[in-house]
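*Asks:* Read off the chains here:
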Amino acid sequence: MATSKGWSGKILRVNLTTETITTEDTAKYTDFIGGMGFGYKVMWDEVPEGTKSYDPENKIIFGVGPFTGTGIPCSSRTNITSLMPTHNHLIGDSHMGGHFAAELKYAGWDSIIVEGKASSPVWLRIENDSVTIEDASRIWGQGTVQSTADVCSIMGAEAHVAAIGPAGENMVNQAIIITGGSHSAGGHGGVMGSKNLKAIGVKGTLPVYMGGTKEALIDLDRHAMSIIGSNNQHVVPSTPMPWAEYHHNRSRWTARPGLFWGNANPPVETGECPPEDMNSVGLRCQKGVFDHGDIAEDYTTRMGGCQSCPIRCHSQLEVPEAEEYGVSRFAANTCVGWSFPRSIMLKGYKDGSTGRGTKEALIATVVSSNLADDWGLWCNYNQISRDFRYAYDNGILEKVLPAEEYNSIPWDLLEAGDPNFLHEFYRRVSTKEGEFSHLGDGSFSVSKRWNFGDDYYSAATWRLFNPVLGFPQHHSSETAGQVGALINLMFNRDAQCHSHVNFTGSGLPIEVQKEIAGEIWGSPDALDAPADYTRMNPYKANFAKYSIVRNVLHDSLTLCNWMWPLQVSPHKERNYLGDTALEAKFFSLITGIEKTEAELDLDAERIFTLHRALTVKQMGTTDMRNKHDVIADYVFDRDPDVEPFTSGTIKMEREDMEVAKTMFYEAMGWDADTGAPTRACLERLGMGYVADELEAKGLLPA
Amino acid sequence: MAKDQALTPKARIAQRIRSQSTHGQFVTVKELTEAPFTFTEEAALANLEAMAADEKYMDIQWISGQKAKYLYSNQTMTDNYARLHVHVKEQNLVAMVAEAVRHDSSVYPRVTSVKAFRYSPYNLEQELLDDVLKKIQESDEFQDIQVITASTGAKYLYSNQFLEPRRANALVELREVVDDE
Ligand code: SF4
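Chains as they are written, first to last, in the numbering used here: chain A, 5 to 706; chain B, -5 to 175.
Careful, some of the hints might be misleading.
Below are the DSS-like pairs computed for lysine-lysine, each with C-alpha atoms no more than 27 Å apart in a straight line [to be verified]:
1) A:Lys351 / B:Lys149
2) B:Lys50 / A:Lys576
3) B:Lys83 / B:Lys63
If you're looking for bench data, these hints aren't it; they were derived computationally from the structure. Fair warning: this is a prediction, and the values are worked out from it, not measured in the lab.
Generate the whole structure from the sequences, applying the supplied hints.
*Replies:* Structure representation (structure tokens):
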């Protein structure tokens, strides 16, 4: 058999009901690249519509791709595909970084398909070709930290583990799967729990072969490293620097003279970090101060991150005071992994402060983050804290909780900003203790169950972008207007697409961004300046399509979409242009299959269209426009005295958004009326069989 | 013989300017008359004049402050930074803040966080910063510089020559509230 290049060539299938473990050839799936693409293909082929997330018939696919384990910058991402219990049991993905993905590849696997349900708690042990289903009765009930330690005590410290906590075991809809202490995939923990699968441990010693030469890989890698910026591909520093023409104080390139990893021994100064200095790339992003404010500098030991990532966006903190609340003094996380735990303290912190920035806020955040990750609770992109706030501030909890339960909750601790409250919060939700625990059901369910007011679905404060599926905005219309709005419409959960926000947040002036937008999407009009929006145009549809297609591509290859695509660079001599063909160049080199940028994008378009087809099949309607692609009123009704498309508002217009949907559907080749894939589109993408099945079910647009 | 002594006088001057620029520092003519240099002021100026006509030294630039003229290399220090650094060097704080705000409002365009002036290269203590802001607000010359307080309490500045108040306000709220995750 010819050696597979890029892909390991094998997919692992584990049936927990029958306890059978089989191997399949990856070649069957490579039209779908890997990761997310493989997941959708398996779900299309094997999981019938009507299946619910926790049914044994549901499957969960842990996918990596041809780039995983190759050392290409930021390529150790695991894509997890299954039905989403929080979002009407539709297809969805969760993602985690860390080292698990690369290790799975080194063990010789491109994906793990888990099906059925074990009769008692188990964990999966993978050491190269040796795969066994192990008894997890000793681990079941433990937090994710102890579970990971238990698996490593058996497999060895070099093993990498993906585990669920009690929230997942108890099939709390909002549960995570976590690896490496801080890399969590939100939304599918309960699916693992429903299968009685506590953890997967993996250890590998096999090579990843590639089509090209080592020298060619090093050259391309150098080129990529010369273009790479800081986290989110921000390409200007956050403070003025001699080398930089531009700066932006929300840039994640936070390094500057006088800013340290203050808790390192000795402290490490981040310094100037000019773009040509490859040895200081890992110092560019001091994410602790970005996420927590200046207070975090003294508590930052180092920056951590995923295998093969030169950027390192997870701040690793040591806050001794956290121990006073019965948790570890050590914590690591990034972005919403910090802001969600912090915001559970609805009433602020012990010193009376609210928001980030004080020592008490930092202590509470570290306590909360430890508990959230150990119990294994997911935040639905921080919607859980908004749900909690809505219910608490509106007196709903007092009404819906039985009096005995309500009185047993130490609200005085919450009011006083005492982090001891957090133990109550996480335990109750993660163990499904009482009515209060329904906060973990998901926003749509809990808002209906507790009869939230109309304002919850329509006011900007609550950020519920899609009121039908119950997910929040995630770089939506506040980011490039219609482009962000379209991106937030297309998935079945909060969009985890960063292609567009990485671009708009790069820190470059609008004129520079517009010039680059013109090169990539056909016209500078693809991009509007913040709070100065214009009506929809076809270039914005190109921008939205490109952003999604690349996001899907990254989750399939796998690459981190918090860095890629490298659309911009820190270099004035390149007019700040990045290299959008890099993914295709790496693909050709690694797999030995020559593909242009356009050809690889077409593969990703296939994957995303299959996602849409799955959604049509699962919802049983072609009317995506009205039944799925629904936007909350606040997007259109904010700033009541101001007209849309006037300077100084991010308000959108309903009619224009319908035009935007039409242009996007057309750009994808979908039906312009309904937004469902057409036969012509499916056949163009080599998925005539999908068209046949949809047609047989009456789900193909006329 | 030390390696840099083998260089021509012009090359030595350029080397010094480029290296200082990398670290955000200007060079003055006076410095070229001090160790390790041995130029007289006239000789230094003559060399600089010759360099201005020499393609190899096109990156060497003059910038004028209120107190002196400075040299930098725009190969290793951007022109934007040099304009800002003149004010830092001469501690011309009111003009420094006002120009930074106008630059932000006109070029990006964006609102300027007051807090940004606490960090390098400005490094202003809060008390001094408050005093600078007061002077800006009192000065006829800087009437375009406006202060906005976000709903979070954070303070921002903008120039109404380049940004309308409603847009500035929207940008502040976007930054402070909407994009906060
Ligand atoms: S940028 Fe962050 S999430 Fe992305 S690969 Fe690097 S460490 Fe992982």
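*Asks:* Hint by hint, say whether it matches the structure.
*Replies:* Quick rundown of the hints versus the structure:
Note on lysine 351 of chain A and lysine 149 of chain B: the hinted pairing holds, with a Cα-Cα distance of about 23 Å set against a maximum of 27 Å. Note on lysine 50 of chain B and lysine 576 of chain A: the hinted pairing holds, with a Cα-Cα distance of about 20 Å set against a maximum of 27 Å. A C-alpha spacing of about 11 Å is found between lysine 83 of chain B and lysine 63 of chain B, which places the hinted pair at or below 27 Å, so the restraint holds.
Checked against the numbered hints listed earlier, the structure breaks none of them; every hint is satisfied.
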